[in-house]
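Following UniProt numbering, the numbering of the sequence shown begins with 1 at its first residue and continues without gaps.
The set of hints was computed from the structure by calculation and includes no laboratory data.
Hints are not guaranteed to be accurate.
[Unchecked claim] Label-pair ranges, simulated between beta-carbon atoms:
hint: 1; residue 1: 106; residue 2: 162; range: 19 to 25 Å
hint: 2; residue 1: 124; residue 2: 195; range: 37 to 43 Å
hint: 3; residue 1: 165; residue 2: 211; range: 29 to 35 Å
hint: 4; residue 1: 196; residue 2: 113; range: 34 to 40 Å
hint: 5; residue 1: 228; residue 2: 194; range: 15 to 21 Å
Note that beta-carbon positions come from the ideal geometry of N, C-alpha and C, so glycine has one too.
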Amino acid sequence: MADEFEEGNDSEINGDQRNGGRREADEGDPLQLDQFLPLPIPMFEHHQDDHIPAEASVFPVSLPPAADNHNDGSSFSTDMLPATMLGVFADARKVTKLHFYVQDILSGPNQTVWEVARSNITSTSPTLFGLVRVIDEQMTAKPDANSTILGQVQGQITFADFKEVAPLMNLNVVFKSGIYNGSTIWLLGRNPISETYREYAIVGGTGIFRIAQGYAITSIYSNDTATGHFVLEYTLHVVYEVFRK
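All chains, please: the whole structure from these sequences, using the hints.
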């Protein structure tokens, strides 16, 4: 479905190509990569960024088919889950790649970033040390702010570096569309503004993404300094546990 996340066919989450050095959204790209990992295998043993197969793959085991319906409305088949378990609760690990855009608006009537506190030295600090901001920004399928809204990115930004503008990012990716509706992913990390690409750790999640781990790569896709509207590009590589009821 064009307007929702779909397992194995998330054409809204991911799908850009490099074209003459510029990233452009491509309607035809497969936008998500999912893999079931049998638990006895160490977490990242066969998840190498540049060698992930283009299609989803599943490690088969002998289990009777069953549908696992969650309270959040999501569902998936458990007929391919491994019979052995690592730990008490988990039935399998799953690897998912998600790609989306965030509308970051610094000024104007639709401003998404707001200052809530500052230190006594913030106004004279070259790195804005002690400044705290909160955000609530739309997550979209494409760079265009009018494209499908997938959810929100919400959280806190704290400037905590005397020598470099590199705020601490504490963010929740809140899904409000498709199979991930109601789930969240928690990002935490350092945001060195001078660098083209920034990396955050995935340190947790809720709903489908319980006990999530992984990393996120983000960069500025475009910016309009006149209006203060930045478009941020995010790619998440998420490993999370699949639970049986």
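Margin query: I'd like to know which numbered hints this structure contradicts. Please list them from smallest to largest.
Written below: 2 and 4
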